[in-house]
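Chemist: The lines below spell out each chain.
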Amino acid sequence: MFNMTKNVVANLFAKSSTRLYPFAVRGHFEGFRGTLHINIDECIFCRTCQIKCPSQCIAVDNKAGTWTCEAMSCVYCGVCVDVCPTSCLSMSKEHRQVATEKQTMAYQGVPKKKKKEAAE
Amino acid sequence: MLGNLINQGRIKSPWVVHFDCGSCNGCDIEVLACLTPIYDIERFGILNIGNPKHADVLLVTGTVNHRNKHVLKNIYDQMPGPKAVIAIGACGCSGGVFREAYNVVGGVDKVIPVDVYVPGCPARPEAIIDGVVAALEKVKTLLGMTA
Amino acid sequence: MARTILPFGPQHPVLPEPLHLKLTIEDEIVVEALPTLGYVHRGLEKLCEVRDFNQMVQIVERVCGICSCLHALCYCEGIEQIMGVEVPRRAKYLRTIWGELHRVHSHLLWLGLFADAFGFESLFMQFWRVRERIMDIMEATCGNRVVVSVNVVGGVRRDLSPEQCQWIEQQLIISEKEIRQLQTTILNDYTVKKRCCGKGVLTKEQAYQLGAVGPMLRGSGWAQDARQTGYAAFGELGFEPIVEYDGDSYARCAVRFRETLQSFDIVRLAIARMPAGETAANVEGANEDDTPRIISGNRGGIMQSYNRDKHHSITAAPPPDLDIPAGSLAAKVKGKPDGEAVTRVEQPRGELMYYLKGVGSKNMDRVRIRTPTFANIPPLLAILPGCELADVPVIVLSIDPCISCTER
Amino acid sequence: MLDTLVFVTVLLPFLVAAVLLVLREQNVRKVILVATAGVLALASLAMLRGGAFIMSPAPLYDTLITLGDFVILFVVLFVGIKRKNQIIIWLSVAQIIGLIILDFFMVKEHGNIPAFFADDLSLVMVLIISIVGSLIAVYGIGYMKEHEEHLHLTKSKQPQFFFFIVLFLGAMNGLVLANNLLWMYFFWECTTLCSFMLIGHDDTEIARKNAERALWMNVLGGTAFLFGIILLQKVVGTLSLQEILARGPEFAVAGGAILVPMFLLVFAGMTKAAQAPFQSWLTGAMVAPTPVSALLHSSTMVKAGVYIIVRLAPVYAGTYFSNFVALFGAFVFLATACLAAGQSNGKKILAYSTISNLALIIACAGINTPAAITAAILLILFHAISKALMFLCVGAIEQKIGSRDIEDMRGLFAVMPRTALVAIIGIMTMMLPPFGMLMAKWMAIESAHGQFLLMIMLALGSGVTVLFWCRWAGLMLGTPVAKAKPEAQDITVRAPLYILAGLALVVSFFSPVVYNSLVAPVVKMYYKAAPYALPYGNFDSPVGIFLVYPLFLLLGLGFYFALKQARKVTAAQCSQPYMCGEQQTVDGKPGFLGPLGLHVPVQSGNYYLEQFFGETMLSKWINVIALAVLVIMLFGGAL
Amino acid sequence: MITKIILAILALVAAPLLGALITGVDRRITAWLQSRYGPPILQPIYDVLKLLGKEPMVTNTWQALCAYVYIVGAALSVVLLFTGSDLLLIFFVLTVGAVFLVMGALASPSPYSQIGGQRELLQMLAYEPLLILVFAAIAMVTGSFKVSAVFEQTRPLLYDLPLMYIVLGYALTIKLRKSPFDISASAHAHQELVRGVYTEYSGPFLAMIEIAHWYEVILVLGLCALFWSTSVVGMVVLVAVTYLAEIIVDNVTARLTWRFMLKSAVGMGLVLTLVNMLWLYAQ
Amino acid sequence: MLETIPLSLDEVVAVAKEHFDGGWRLVTMTAVDVGEAGFEIFYHYDKDLVMKHYRLSIPKETVVPSISPVYFAALLVENESRDQFGICFSDIVLDFGGHLYLEAEVRAMPFCKVSVAQKQS
Ligand code: SF4
Ligand code: SF4
Ligand code: SF4
Ligand code: SF4
Ligand code: SF4
Ligand code: SF4
Ligand code: SF4
Ligand code: SF4
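Residue numbers (full-length UniProt numbering), protein chains in the order written: chain E, 1 to 120; chain G, 1 to 147; chain L, 1 to 408; chain P, 1 to 639; chain X, 1 to 283; chain Y, 1 to 121.
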């Protein structure tokens, strides 16, 4: 009891450990697997991410040139980022924002018939 | 007058009940972490009250499965209104990585209406705080308090 | 004598997870306890039939968020065994470090929950406050606080820079100091001992016969720990299990408390002895047609430098700017597992066993997970009758139940 | 006029009893009983208006009484021989011999002593006996009818039953009005006999056994009584109660010799009041039909025991003996309250709580200050009303649900809302302010102030009391049904319930009036001081203050307000109880979905704390200690 | 008379507000002790306002009645204390509230509130005798059970009854349901009984109970204040120190079981009382 | 590769008893669906961190004697196998009857390959 008393009294006189989120934000650490982003212009619709995603939440349509991800099903594992051959996927270190509706990330890109054309 | 005061109270005192609806514990421990010194959600008047009859907000983590779906419904029914539901984590939002497992029904919204979705796997404590704040914002709009 | 029947769970504030016990009590003495399971059962072992064996790593990590790292480790070791992959030594050390950090965070979490089970809220708060440091280490080194997702077949996804190692050591020193401050309270406080000593006694014989594992087993006097089998880097680091002899809740608590401190030492030792080199091996298998896979910690220009000013938490020293070596982590996974393996690792809650069976396709044929709590539930049912209702939370918590891994 | 009143209260019941014994006609019996009850009640009220008196009936009665004494003793002896009970045989033989010596060799001036004398204390007792007792007798009509239906008796034993009941009323009135201790002795033995016959009424194995035990314990008390008056005759030279009381202070100063007869009489009182170590006869007596328990074993006969102790209090005031009586009382109060807390049998709880309250009265008598005596008298009054009410409720409940176990009364409100409410009122009046019982307890505790050991025991005891009453009241409410259908009940059962409940409330409300007109005069007479002033009807003394009317007013208003709020709650707002999310109602029975998918109906039980309040374990210790205190009490003076 | 009525009204209106503030401060300090930031001081008031606005929900209409009687009992006992009435009487009136609270809990079929009710009774069994002993000890010193008599003392009761103050503290820990004796109903929910007696009270009825609790806090602190009746500053200091000690004890102990509580309360209460009495006689 | 010791149906309990008496701990049992050939059930025993694996091969619909009377701890895994594979065990000390985890609305025996094939088709 006395040991704990020492502890709590010390706490009483020390500054509280609380981070006053959301009024004061300590940023997440570098390398945090946060929100998933796609640079749709770089995407070649190769479907690697769709195949490799453990949560099966990415859908790529290489004909229509769409890339969608069910944001509410993503487990932020970063596998898609790792496997994307063009590195067009990335994860920012902010956590994904809460929402009152279910969200889907849907991107419309230009289906790349030939890599050359796209490059121009 | 009293009505206004009560609405004030509603905003400032959301008591939560947390139901682990088949979560992997990842989200659970983050919910618990919210109570601890670093995040301390009691700053917002939030108490983890443990009893649905006293709670205003239901925090659900995890996937709904066939055995716990009626429990989730029961708990929701026992909460006196006005009340809000927050689904936490990929699992709570949609069933997450387990959507295709045979005993999984899906996200929380398959059983009860969800007011706020908190994505993440697990959802960070900060995100959970955001979630409660978002729920309160929603309540505010419902109560017409923004005007 | 008048009896009261109590539904204990599934939604109950002292149960971190849904579990139902039908307790029959008389004057608050438990005379019968009958469980209902299945509130967390998802059937994820079955998912191996629709996910390939690499994706299964992400799935088994989510058997349980608390020991996610060790599930992945156990699984990967199994696959590596089947496919005959030799994991680089550095990767083994990294696996050990993250694994032991997991044990620390899990034990701290448990110590807090345990304190809460006997109604000691401020102790709960203190343990969880310390735990946040470990969570910070996780986030800074793995990219997520809880589901770290660092293990992959063939090695690990991230590396530790020397600066990070140094920072981790600093953090550990502070944490250890803070934990030691709580030592007298959790192990010697009068009220705490009053609530733990002699509660839920599991005798030495019972412990073995009922198949108890982990701190439950070691609290009853058995020096048995799967780390002795030398998985990951334990073969090189050496290991002695921690044992207590009373078999009660207090002994289990003492085991966990001492193991927390032991894990600090292991992490420090592993950091000191960690060899340089690759962190992931190329995985070769029978079939050569798989696409190459790149394993890396981070890529591209998405990283902004770490903002020191915003970092005003408990951290004494801010973490160094990250300089994660990129590119060196490339590994290739080729081939498909064909064969059976049984692997064991020591999770915070005890021994975890995987049985894996591949039949030469990219999906595993069978993944069987025997988790520690699964083994500890029969002993729990044996020690509950005869205790007081107020001791039910203490005793249930003392096995450190993890229902999500029990039911998977 | 006075003659008539005494005749009506004492002799009339004897005559009516005789009529009832031969009468077989149900309806006539009913009429006679109700009429007798009415007459008795009116007579007692009239007597109260008349105030204190002294009366000597014709000498013929003296002879009759002596004859009666011997008849009773021989009946007892006969019972003893028939049952081969050595104790009873020898005790009754001793009494016969003692009585012969006393009657024929010691008492010379037969007839010179007024047979009857009444002061306010006696009149309060008469009131209780005549009103509460009569109500119970009336209740007996409806109760016994159903009782015999339950037992499937071919030949009704009701004539016998009511014979003893009504006879008993007369005997009790005689006892409390008696001035000549020989007369009192006769009535005393009468009540013993009635009690014996009525406990054994159902004639089961256990009833016979318990009746026998009650008999030997009471005969032991009777013997003590007889030898007490023999010694008294020797020491004081008179058997006139009034004279002894009047000369009380002088004995108190003299001390010594008077205390042995006092001890014997007080001891007799304690056996009659079933104080430890003799509590077992009273708990055993609970096998009798409920009206018997209510009448004899709670509100009246056992009160005879405390009556004699309180009556004689001025005589032994200020002696060491008095302190021991107080200690003894306080100890038994605490001990039997603990025993009550360990019981789930409703009647047993009532029995132990009766003993406990009687012990409190004895403790008050022992404390022997004006305030304490006031407390004692008020306790006698309020306890009689509330406890009779409780017994009648349990009787009515038992007949309906077939159990007297309080565990089976869970949710009683759904089955018999009216009786449940009446019972709850009874319980409230037993333990909560502003009701009389609690007020008297307040007086008792405050009058004990300064005597720490007493205080401690009283404090612990009252804590335990709340424990067992409160849970009983609470569990009767435990019902999922919002509105329950009122139950049907015989008018002779319901009326006494309602009247007693009303009395419990109203008399409590008028407690200042009761105090002023009934209690204060007696206390003043014997102690030359009134303990309380009554500003605004509040009991005020230097030691403390009890606000009667303000409390009634404020709590009443609060209660009314609460009731109004509660009425606003509609059935729609009723939800299922918290069951950790597994709640499930099947066939209207709340419960939960348990292991293996089975419905588990709710089941809860009180704590009876075997560990602390186990009856067998505790009784042993209590008896030993009580006996020890008694022995010290007797020989303490010599030390 | 007039002053008494003014005091009574003050007790009715100001006491709960003060009680709420003290509860708020309690929560804040508790947070600090745990190295947390803590809720606003007015948090208890927000809580009650919110509860008042909740949909009423009961398992049984009796509960509503019981909740209201509970608050009436608590309020009345504070009024009696402020008007200088009899200590024992105050105590008995307090019991009215407590008894109804338990009855309401027992009126619900939920095993949690049933067990909570039973435990609350055991708590009462533990603290009631202690309180009576303390009152008796006060009466020993002042010669009267009247509160007003305490204020006629020329020196603080604490000098004469130091050990009784500890007994009082013990009783108060039980009465306020603070750790280590938060047995029947914890302030928060993480307890095997899910709030015990309070389990089935919800919404406005729970609000009533919370307000009643504020009254009780004031009553309890008022009783403590009696031990330094000679100066207002002394009272405030004594009460503040006592309450702070309560909070610290609340934070440095594990919850104990009711068996331990019963044994220790009775045993310790008796021993301390006897020693204090001897000390009083010795003087 | 995993070294296993073959086991026949009538040895199951005897082997369990032998290990129990020899101070072995039952680690767990593992059921595997091997298609047409039926099921394989592994019994994993452990003593001082050395493991022994017994392999019992049975056709489907065989009733297996329960070892839970010997090793109480086997009751969970046997019930689990009942849930997932529909393997019946005789004399389990506490039989959940195929509802340890599963509610009626979930397909019985979800782990059996046949039913998977049915689901996918
Ligand atoms: S892997 Fe990359 S390039 Fe291929 S589809 Fe996905 S995002 Fe586009
Ligand atoms: S982060 Fe993981 S879960 Fe999310 S989309 Fe990428 S691969 Fe899928
Ligand atoms: S975490 Fe999200 S993306 Fe990942 S599996 Fe779950 S739901 Fe899918
Ligand atoms: S969202 Fe992720 S962390 Fe949360 S419960 Fe689901 S799998 Fe676990
Ligand atoms: S962590 Fe502790 S306080 Fe929270 S629910 Fe679990 S037992 Fe209760
Ligand atoms: S033992 Fe528990 S914490 Fe560890 S992996 Fe299993 S479920 Fe997770
Ligand atoms: S034991 Fe509990 S905390 Fe640990 S992994 Fe399993 S579910 Fe998670
Ligand atoms: S105060 Fe303590 S015991 Fe109560 S709920 Fe909170 S953590 Fe649990």
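If you're looking for bench data, these hints aren't it; they were derived computationally from the structure.
Ideal placement from N, C-alpha and C gives every residue a C-beta, glycine not left out.
Among these hints, one or two may not hold up.
Claimed, not checked - Listed next, with one range per pair, are the computed distances between beta-carbon atoms:
1. P/150 x X/12: 32 to 40 Å
2. E/51 x L/338: 49 to 57 Å
3. L/170 x E/94: 22 to 30 Å
4. L/170 x E/23: 43 to 51 Å
5. L/203 x X/234: 51 to 59 Å
6. L/273 x X/21: 55 to 63 Å
7. L/205 x P/631: 48 to 56 Å
Chemist: So, for every hint listed, does it hold in this structure?
Modeler: Consistency of the hints with the structure:
Between residue 150 of chain P and residue 12 of chain X the beta carbon distance is about 53 Å. The supplied range of 32 to 40 Å is therefore violated. Between residue 51 of chain E and residue 338 of chain L the CB atoms are about 21 Å apart, so this pair departs from the stated range of 49 to 57 Å. At about 26 Å, the beta-carbon gap between residue 170 of chain L and residue 94 of chain E stays in the expected band of 22 to 30 Å. Between residue 170 of chain L and residue 23 of chain E the C-beta distance comes to about 28 Å, which lies outside the given range of 43 to 51 Å.
Between residue 203 of chain L and residue 234 of chain X, the C-beta spacing of about 57 Å keeps the proposed range 51 to 59 Å intact. Checked against the given bound of 55 to 63 Å, the beta carbons of residue 273 of chain L and residue 21 of chain X, roughly 58 Å apart, stay inside it. Separation of residue 205 of chain L from residue 631 of chain P is about 54 Å and conforms to the stated range, judged on CB atoms against 48 to 56 Å.
Hint check: violations occur at hints 1, 2, 4; the rest are consistent with the structure.
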